[in-house]
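> Chain A is already provided as a structure; the job is to place chain B on it using the hints.
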Amino acid sequence: AQSVTQLDSHVSVSEGTPVLLRCNYSSSYSPSLFWYVQHPNKGLQLLLKYTSAATLVKGINGFEAEFKKSETSFHLTKPSAHMSDAAEYFCVVSDPRTSGTYKYIFGTGTRLKVLA
Amino acid sequence: EAGVAQSPRYKIIEKRQSVAFWCNPISGHATLYWYQQILGQGPKLLIQFQNNGVVDDSQLPKDRFSAERLKGVDSTLKIQPAKLEDSAVYLCASSLRLAEETQYFGPGTRLLVL
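If you read the sequences in order, they're chains A and B.
Everything in the first sequence is counted per my numbering, starting at 380 for the first residue and increasing by one.
Everything in the second sequence is counted per my numbering, starting at 28 for the first residue and increasing by one.
Hints in this document: simulated from the structure, not taken from any laboratory.
Treat the hints with care, since some could be wrong.
[What the hints assert, rightly or not] Counterexamples of contact, computed for chain B against chain A with all Cβ distances above 10 Å: (1) Ile40; (2) Val46; (3) Thr58; (4) Leu72; (5) Lys89; (6) Asp90; (7) Arg91; (8) Lys98; (9) Val100; (10) Lys105; (11) Lys110; (12) Ala115; (13) Glu128; (14) Leu138; (15) Leu139.
[As the list claims (entries may be wrong)] What the simulated footprint calls covered on chain A by chain B, stretch by stretch (three residues with Cβ under 8 Å from a Cβ of chain B suffice, anywhere in the stretch; the number is not a length): (16) 416-430; (17) 478-484.
All residues carry an ideal CB built from backbone N, CA and C; glycine is no exception.
With the rest of the complex left out, here is chain A (with noise of 0.2 Å):
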């Protein structure tokens, strides 16, 4: 079974200085992974996805996220924090099933808080 692990359940940058989120995936597939932001009493945005094509993905808002299969992990960082940043940041796995469909498969969420 596919899985992911967000390392951190709270990350605190100040603003100007780089982010760094931390996922780590089990899966037996080559599989395709999402970063996904949620800000307060919003719904969930898609930053990025690999999808087995280049291993350095660039999403929206400055960031992107490495793919490296060594490691099984796909961390999300951006140069330069802002405080819009500020928000929930959701890793997820996408899980084929026999049925020809995909089954989103969710880490617990990392929450970013950006300093003044």
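Chain B alone, transformed into the frame defined by chain A:
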């Protein structure tokens, strides 16, 4: 392109009452999902539709939850009767087709059961 629409955005009810949520997916999206997100947790899939047929409802508490997508577009999720533990955000998502991995989420309906 309009996103996934949901209503109402907030709902407060007393236990044992009934409640219904509505979702309109992105135009042309055949696959629709309902998730339950309890505070502090990641979303949990309740039910998945392909057009107007159910693909997966294994995690739906069928004694009190029901969902339908009669015309293969809009969908409603109903809880009857509600329990305190149903307090959560109910998210609707859609994807273009059954084999499409990327899901697009609506803003959610926040339910509080008193």
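> Against this structure, judge whether each hint is valid.
Going through the hints against the structure:
1. With a minimum CB-CB distance of about 19 Å to chain A, isoleucine 40 of chain B clears the 10 Å threshold, and the non-interface call stands.
2. The beta carbon of valine 46 of chain B sits about 19 Å from the closest Cβ of chain A, which is more than 10 Å, so the claim that it is off the interface holds.
3. Consistency note on threonine 58 of chain B: stated as away from chain A, yet its beta-carbon is not over 10 Å from all of that chain's, at 7 Å minimum.
4. For leucine 72 of chain B, the shortest C-beta to C-beta distance to chain A comes to about 6 Å, within the 10 Å cut-off, and the non-interface label is violated.
5. Even its closest Cβ contact with chain A, about 19 Å, leaves lysine 89 of chain B beyond 10 Å, as expected for a residue assigned away from the interface.
6. Against chain A, the non-interface label of aspartate 90 of chain B holds: every CB pair exceeds 10 Å, the least being about 23 Å.
7. Look at arginine 91 of chain B: its CB is around 23 Å from the nearest CB on chain A, clear of 10 Å, so calling it non-interface holds up.
8. With 10 Å as the threshold on Cβ separation, the claim that lysine 98 of chain B sits away from chain A holds: the shortest Cβ distance comes to roughly 21 Å.
9. With 10 Å as the threshold on Cβ separation, the claim that valine 100 of chain B sits away from chain A holds: the shortest Cβ distance comes to roughly 19 Å.
10. Listed as a non-interface residue, lysine 105 of chain B keeps its Cβ farther than 10 Å from every Cβ of chain A; the least gap is roughly 20 Å.
11. Look at lysine 110 of chain B: its CB is around 23 Å from the nearest CB on chain A, clear of 10 Å, so calling it non-interface holds up.
12. Remark: the non-interface label on alanine 115 of chain B is consistent with the geometry, its nearest Cβ contact in chain A lying 14 Å away (cut-off 10 Å).
13. Look at glutamate 128 of chain B: its CB is around 5 Å from the nearest CB on chain A, not clear of 10 Å, so calling it non-interface is violated.
14. With a least CB separation of 13 Å from chain A, leucine 138 of chain B remains clear of the 10 Å interface cut-off, as annotated.
15. Listed as a non-interface residue, leucine 139 of chain B keeps its Cβ farther than 10 Å from every Cβ of chain A; the least gap is roughly 13 Å.
16. For a cut-off of 8 Å, the count of residues in the segment 416-430 of chain A with a CB near a CB of chain B stands at 8, and the three-residue condition holds.
17. Counting residues of the segment 478-484 of chain A whose C-beta sits closer than 8 Å to any C-beta of chain B gives 6, which meets the bar of three, so the coverage hint holds.
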